[in-house]
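> If you want the building blocks of each chain, they are given just below.
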Amino acid sequence: MSADTTATGSTAAISPVESVSVFDVDHPAPLIEPPRKRTAKTPKATRGNFEMAAWLFMRLSGVVLVVLVIGHLLIQLVLDGGVARIGFAFVAGRWASPWWQTWDLLMLWLAMLHGGNGMRTIINDYAERANTRLWLKGLLYTATVFTILLGTLVIFTFDPNIR
Amino acid sequence: MATPLLDKVEDEAAASPYITVTLRIRRFNPEISDEARWEDFSIEIDPKERVLDALHKIKWDVDGSLTFRRSCAHGICGSDAMRINGKNRLACKTLIKDITSFDRKTGATKPITVEAIKGLTVLKDLVVDMEPFFQAYRDVMPFLVTTGNEPTRERLQSAEDRERFDDTTKCILCAACTSSCPVFWNDGQYFGPAAIVNAHRFIFDSRDEAGEQRLEILNDKDGVWRCRTTFNCTDACPRGIEVTKAIQEVKRALITRRF
Ligand code: HEM
Ligand code: SF4
Ligand code: FES
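Residue numbers (my numbering), protein chains in the order written: chain C, 1 to 163; chain F, 1001 to 1259.
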């Protein structure tokens, strides 16, 4: 093939390059490899169902979130005067009821775990280097745990007479 | 997509079936440059011929350095999957008339783009390194596994049992599906649709005894759970295999065997 290349004068095919190329038969250009290519050294499968559990969780939590989130948005933004009436008193009034406490707690946990796992998927998809993945996921897990804990703390310890 | 203007063209050109088309080919030759570039070839061709015929015309008559794989030329060997007009297809099964559209103003044919499949290292022009693809294939154990004494005759199977995995027996390992998958583009560790299709072919074969093992392999972090159901693979498959459905069936088998 390469003999043929020179014979038919492929410089015509590959156009008279701007200047003299630094690449030739003995010094070919580096190839562009795809990210994280599979090789014989790719680790064998491990046992465990984490990925299946995560996949199922995304679908199940999604179904529950449809109800929780749409209900939440309706109550907060649309019904009965809408967004204008939201204030400290409004929040205090709702969190006086265990029903809304449970609603918000469930929504917090499900949305954070759902969103967090979704972001984990995206990092797995797009971050190529092992180190980048490690850092991004570390940051993600920290933020997720922090938000869940802080939110849970607030829902349970909320004091309407704070001032 | 292809504008169905061909009948008209055929009428007009009753005398000569030939039309002029431009093939815009993504060229790469590491012995000349580290950069790939598009090159246009204008050729006369009967629209009932295939993209592979057009590539042959170019290679044989215009530029012998054009490099691509093909063997059977009839959709059997799976060598010539390439990205034609942005879609993965076999050059030997794609007719020029089905992908040629005409510029509304000038009436000239629009260029047909041809490039290597994505997600695998381009070695030269349309030739890619298929090794990572075949590695994933090998990793799902694509062979019959049984225990006990070998029977003296064939291993019998009912017609229904055979029907169960009929669709996935049609795979020719062309890589059109795997190289159309956005998850695979970004992370080559994902097994990819073709490996799952070929695992499916044995997982649902009543004569095989290693289904459990293959399911375990595909249950891993680079297995079926990475599939995002984009259906690119099903669109790409030149054998018409319902690839996404096969992947879903493996997912379902994994879930139902546990619960
Ligand atoms: C309202 C109801 C919701 C439903 C039905 C739902 C459903 C889903 C499903 C099924 C997936 C998996 C997609 C896949 O694997 O291909 C997903 C992914 C995701 N979800 Fe949700 N979800 C909902 C709400 C939310 C909320 C409130 C958030 C943010 C906190 C969120 C953030 C994400 C993210 C970041 C992903 C990953 C995106 C991706 O995989 O491309 N979702 N969602
Ligand atoms: S499933 Fe279809 S597209 Fe994928 S490798 Fe097999 S024949 Fe090619
Ligand atoms: S050349 Fe064999 S499949 Fe196209």
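Please note that the accuracy of each hint is not assured.
Straight-line distance between alpha carbons at most 20 angstroms, and here's what the computed EDC-like set of lysine to aspartate or glutamate pairs gives [as the list claims (entries may be wrong)]:
1. C:K37 <-> F:D1139
2. C:K44 <-> F:E1216
3. C:K41 <-> F:D1129
4. F:K1118 <-> F:D1161
5. F:K1087 <-> F:D1053
6. F:K1087 <-> F:D1063
7. F:K1221 <-> C:D80
8. C:K44 <-> F:E1115
9. F:K1221 <-> C:E128
10. C:K44 <-> F:D1053
11. F:K1118 <-> C:E128
12. F:K1057 <-> F:D1034
13. F:K1221 <-> C:D159
14. C:K37 <-> F:D1129
15. C:K41 <-> F:E1039
16. C:K41 <-> F:D1053
17. C:K37 <-> F:D1063
18. C:K41 <-> F:E1115
19. F:K1118 <-> C:D125
FYI, nobody ran anything at the bench for these hints, they're computed from the structure.
> Decide, hint by hint, whether the structure agrees.
Structure-based check of each hint:
Our distance criterion of 20 angstroms between C-alpha atoms is met by C:K37 and F:D1139, whose separation comes to about 14 angstroms. At most 20 angstroms may separate the alpha-carbon atoms for a hinted pair to count; C:K44 and F:E1216 meet this at roughly 11 angstroms. Proximity of C:K41 to F:D1129 is assessed by CA-CA distance (about 17 angstroms); at most 20 angstroms being required, the pair is judged to hold. A hinted pair counts as satisfied when its Cα atoms are at most 20 angstroms apart, and F:K1118 with F:D1161 does not qualify at roughly 36 angstroms.
Restraint check for F:K1087 and F:D1053: the C-alpha separation of about 18 angstroms stays at or below 20 angstroms, so the hint holds. Taking the CA atoms of F:K1087 and F:D1063, the gap is about 24 angstroms. The hint is violated against a cut of 20 angstroms. At most 20 angstroms may separate the alpha-carbon atoms for a hinted pair to count; F:K1221 and C:D80 exceed this at roughly 47 angstroms. A distance of roughly 33 angstroms separates the Cα atoms of C:K44 and F:E1115; the hinted pair therefore is violated under the 20 angstroms criterion.
Among the hinted pairs, F:K1221 with C:E128 is consistent with the structure: their alpha-carbon atoms are about 15 angstroms apart, no more than 20 angstroms. Only pairs whose Cα atoms come within 20 angstroms are accepted, and C:K44 paired with F:D1053 is rejected, the gap being roughly 42 angstroms. With a C-alpha separation of about 16 angstroms, the suggested pairing of F:K1118 with C:E128 holds against the 20 angstroms cut-off. Annotation: proposed proximity of F:K1057 to F:D1034 is violated, straight-line Cα distance about 26 angstroms (limit 20 angstroms).
Between F:K1221 and C:D159 the alpha-carbon distance is near 44 angstroms, which puts this suggested pair outside the 20 angstroms criterion. Proximity of C:K37 to F:D1129 is assessed by CA-CA distance (about 11 angstroms); at most 20 angstroms being required, the pair is judged to hold. For the suggested pair C:K41 and F:E1039, the alpha carbons sit about 37 angstroms apart, so the restraint of at most 20 angstroms is broken. Taken as a hint, the C:K41 and F:D1053 pair is broken in the structure, with Cα atoms around 39 angstroms apart against an allowance of 20 angstroms.
Proposed proximity of C:K37 and F:D1063 is contradicted: the alpha carbons are some 32 angstroms apart, above 20 angstroms. For the suggested pair C:K41 and F:E1115, the alpha carbons sit about 29 angstroms apart, so the restraint of at most 20 angstroms is broken. With a C-alpha separation of about 16 angstroms, the suggested pair F:K1118 and C:D125 falls inside the 20 angstroms cut-off, and the hint holds.
Figure legend: structure checked against the earlier numbered hints; hints not met, in rising order: 4, 6, 7, 8, 10, 12, 13, 15, 16, 17, 18.
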